[in-house]
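Novice: What follows is each chain in one-letter form.
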Amino acid sequence: MDFRPDSQRIDLLGKLYVTPTQRKRFLKWSLYTLTFLAVLVVQDVIFSRFLLPGGKLDLVPVALVLVCVLEGTQSGGTFVLLCTLVYLFSGSAPGSYVIAFLTAVGMVAAALRWGYLRKTFSAVWLCTALGIMLYEMVLFGAGLLLGRTNPGRAMVFVFTGLWSAGTVPILYPVLRAIGTIGGESWKE
Amino acid sequence: MKRLFPTKARVVLLLAVLLTGVLAVASRVTGLSVPNLVVQSVLTPIRAGVHALTNQAQQIYNYMFQYEALAAENQALRKRITELEEDARTADALSRENDVLRAALDLVEAREDFKLVDSHIITWSSNDWTSNLTIDKGSNAGIAEGMCAITANGEVVGLVSQVGGNYAVIKSVLDSSLEVSATIASSGYSGMVKGGYAAGEEGMLHMDYLPSDAVIRNHDQVVTAGSTVYPRDLILGYVVDAGFDDTGVAKFAILEPAADFRALEQVFVLTDYSNG
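In order, the protein sequence lines correspond to chains A and V. Residue 165 in the working numbering sits at position 165 of the first sequence, and the numbers go up by one each step. For the working numbering, count along the second sequence from 1 and bump the result up by 188.
It is possible that some hints are incorrect.
Stated by the list, open to error - Pairs of lysine-lysine residues, derived as PhoX-like cross-links and limited to a Cα-Cα distance of at most 25 Å, are as follows: (1) A:K119 with A:K28; (2) V:K303 with A:K28; (3) A:K119 with V:K196; (4) A:K119 with A:K56; (5) V:K196 with A:K24.
Calculated from the structure, these hints are not laboratory results.
Generate the whole structure from the sequences, applying the supplied hints.
Specialist: Put into structure tokens, the structure is as follows:
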């Protein structure tokens, strides 16, 4: 009697040799991307004209830095790099220097969390808030160098950073839930 | 200690810096790029959809939570409309007064001897057999009893019958008890004009004691003959009918008053004039 191997029903992803873990990671990063796009649209349509005392909200950098803090300098940094390209091409970014600024700030915030702090919400919030404040100050410095702002508007950037950092508790549960798809991403 | 920035992370950071420089140069050289067009084309319908939803949500929010504010704003706007309507009415009144004053100015220029005090009518008599009106100027403005009151066009209104410090009562020519000596301007025939109420001609003037051979034509102008009380050639009215009186030896004429008493708002009192 000849040995006959069992027939294998292979779907499309199987033909591409995508493992279940890879599928979940693909799903995770797709959801991260969709969340980023949703935040981008909401920022453009609603919060761009929504003035708060002293400043306004800047949700896109918050979302990106938060993802970087959750996912680490490598994966998170890559994600931030690609998303800042979309951010720039969407016309909403202040300039091409945002690519380098946000990527660097996200990585620094992630390095701080992963290197020195514990795996808690407050640590994530702290690192993201510091990252956002650093980003706003760097943005202000770039604006001064390029002649697009004046020293008197420094507090506007400070308040924008503070108000934006205050939205981390809203974005964190969503991004944290996405981050757990495909297994725990907190690799200590 | 772990490496906080492994090789891959450094590569990503370096790539970010390179892309920043390349895109900064490219945007200056080429302007809007293909990636810009692609990304914005994809995002635009999504942004439009979110914008429409936001507007809808805002309308619902306004309706639910700002109804009272909208109602208050509505009331404030209604009040403002009322104020503006009042301003418009005031403007109309001022415009009419302006026209009257311009006519008075013409009169003053035509009769340089006239000294006029302008006033506004504040009340009319309330019974049928007297025809009096009260004005808002009195002895304080130089008005005295017996002075003649006219319109801006020189039409006779009446004579001052009572004077106070800041008011005066004028007995109009429509009053049957007031008699004014008058002349038919075209023919020169003289007579006496008084109110037609007693003769059953309410609102009209009655001219008596015209010669029996007087030729009276329709629309003949009747003017004052002049006296110590009123100057001459002030218009009293226009002939609308004529006939013989009860005695048969004199004629009478019925006049339509020249002054439009129904629309009268302002009168001018002649405080001084010369009959020369």
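Novice: Take the hints in turn and mark each one as holding or not.
Specialist: To see whether the hints hold, each was checked on the structure:
no., hint, verdict
1, A:K119 with A:K28, "holds (20 Å)"
2, V:K303 with A:K28, "violated (100 Å)"
3, A:K119 with V:K196, "holds (23 Å)"
4, A:K119 with A:K56, "violated (29 Å)"
5, V:K196 with A:K24, "holds (22 Å)"
In this structure, the hints that do not hold are numbers 2 and 4, in rising order.
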